[in-house]
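S.K.: Below are the chains, spelled out letter by letter.
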Amino acid sequence: MSEQSSAATPQSNLAKVFASGAFAVTGELGPPKGADPEVIREKAKLLKGFVDAVNITDNQTAVVRMSSIAAAALSHQAGVEPIVQMTCRDRNRLAIEADLLGAWALGLRNLLCLSGDHQTFGNHKDSKNVWDIDSIQLVKMMEDMRSKGIFINGEELEGEPPDFFLGAVENPFADPLHYRPFRVAKKVRAGAKFLQTQCIYNMDKFKDFMSKLGDMGVLDDIHIMAGLSPLKGPGMAKYMRDMVPGMDVPDEVVERMTGAGQGIEDKAERSKAWRAEGIKYCIEQIQEVREIPGVRGVHVMAIEWEEAVKPIVEGAGLLPRPQAIGSAASA
Amino acid sequence: MIVAEQKPLEEIKGVLGDAENVLVAGCGTCVTVCLAGGEKEAQLMASALRIASRVDGTPIEATDVTVQRQCEWEYLEMIEAEVEKADLIVSLACGIGVQTFARHFPDKWVVPGLNTTFLGQPEEQGIWTEQCQACGNCMLAMTGGICPVARCSKQVQNGPCGGSEHGLCEVKRIRRVDGVPVMVKGRGGRMMPATEDVECAWHLIHDRLKEHNRLDLITGVQEPKDWTTSRDGGPRRIVREDLILMDEE
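In the order they appear, the protein sequences are chains A and B.
Each residue of the first sequence is one higher than the last, beginning at 8 in the numbering used here.
Each residue of the second sequence is one higher than the last, beginning at -9 in the numbering used here.
By construction, these hints were calculated from the structure, which means they are not laboratory data.
Honestly, I wouldn't trust all of these hints.
[Unchecked claim] Partner residues aside, some chain B positions facing chain A, computed with beta carbon under 7 Å:
#1 S43
#2 V45
#3 D46
#4 T48
#5 N105
#6 S143
#7 N148
#8 C151
#9 G152
#10 E155
#11 V161
Even glycine gets a Cβ: it sits at the ideal position worked out from N, Cα and C.
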């Protein structure tokens, strides 16, 4: 471990996939509500080779879990390239910088910057939140660290600065609708190189969002990844439609999922039919977003359903993936 | 103004100890306007404490007095005689008044009768809303007179975040009546606090800037906020030397 040359520093696999012009695929790996590293390794097995990188969530929905950076390091060791998620809810600028220096030192190369779900959604409702900086300022902070070698206070850091491949998110369906593309442009200006969207179910609205980004001329500067979440059944579709803020699920999607289970008496068989339909629908969505100018990849969020990733990616004709981290990391 | 609400009587009774002469001190400014700790509320509180103590079988004397502002020495000097007779003071002022009281009468034990809640505005009769967090570095010029520090749940500086829907924030406020959460039956029959909608501050900012053709104000990346002027810089103090000099003349 005496290599010091920056030329030897491995770069982000995801960045390489984009640079090659290939259509990128990312997945999601939620850390456990406990300290067992096996959980990460098991989930990584289900994803290895089928995605270019996986998001490692940071106390998602404000429910406490194993730290994103620790889980990302385990995923990295297991041969699945992680995208460290960092929210602004739990840490001030000092803690974020310190943790991300550590993340880079551990070999983690991708960073996704988010504001974070409010703690009242989670299981520590009595806690104090931070939000010292917001997600766009976080992108800017890490871009300045990367390109100028400085901390947010202007001080220079020692040695080679972390060169994270910087990502951001946007919800094309949140209000005020017409402002969303402007906010993406802000994230591009701050330094974001890739952007994952909220789960898409309303394709027309997403196409509109993309064409506005095209009109604004930002699509050359950022890799947009369409966020897709396969549905497990009509219950999930209804829940997303009615209970999740900022989610746009048209009624016909709920009807399609309901229809898939119609006439099937056996509970297990019905659930199987629903899931098969969810995977089929997700594959169709991938084919549809691939046709939209500016969409450079998909982010498949199979929440607590990692097994679905392989049939989806395979069904969409996206296998084999260009290059697996395992071959590079274990060399 | 400073908005406050009364603590439950049980909580106040719980901190009276063995005091026999209790003085309930009202304040004639902010908390009078928000009907939490003015003259009328001080009278009612003194009477409630007297009655409750008799019901509990340990009768106490509870009287009341109200000054124009408990946060200024001059007004507290005017009630020295009343305070002298009491062995405990329930202050119905905001937290500033309680502390000023305790400093001015170091021998006396002072407890708060209110929860100081926020800097806000009477929205309509009986409803007050938070408007300012006294961050010490006002950014309202950029946001069209709507404060994201006080009114955005995440204090986002480059909003609106992805949780804005139909002009509402994804974060719901716990519905409270007289300071107490209203409980309702939730999913699965479990009792949980009822919630109510909160406006998305950034949606309001966006619409107002758009109306004034000033969306240019928020197209740039807003720099990280300097929180040293806020509570994060430690307890704050203002020194106006021009006024100090005038005082000495």
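S.K.: Next, verify each hint and record whether it holds.
M.R.: Hint check results:
1. A least Cβ separation of about 33 Å between S43 (chain B) and chain A goes past the 7 Å threshold, and the interface hint is therefore violated.
2. Residue-level restraint check for V45 (chain B) is violated (minimum Cβ-Cβ distance to chain A is 34 Å; threshold 7 Å).
3. Checking D46 (chain B) against chain A: minimum C-beta separation of about 32 Å lies over 7 Å; hint violated.
4. The interface hint given for T48 (chain B) is violated, since its Cβ lies 34 Å from the closest Cβ of chain A, which is over the 7 Å cut-off.
5. With its C-beta approaching chain A no nearer than about 16 Å, N105 (chain B) sits outside the 7 Å limit, and its interface hint is violated.
6. Restraint check, S143 (chain B) versus chain A: the minimum CB separation of about 6 Å is within 7 Å; hint holds.
7. Annotation: N148 (chain B) was flagged as interfacial toward chain A, and the flag holds, the nearest CB pair being 4 Å apart, inside 7 Å.
8. Taking 7 Å as the C-beta contact cut-off toward chain A, the hint placing C151 (chain B) at the interface holds, the least distance being around 5 Å.
9. Annotation: G152 (chain B) was flagged as interfacial toward chain A, and the flag holds, the nearest CB pair being 3 Å apart, inside 7 Å.
10. The criterion of a C-beta within 7 Å of any C-beta in chain A is met by E155 (chain B), whose closest approach is roughly 5 Å, and the hint holds.
11. Hint status for V161 (chain B) relative to chain A: holds, with the closest Cβ pair at about 5 Å, below 7 Å.
Hints 1, 2, 3, 4 and 5, counting from the list given before, are not met by this structure.
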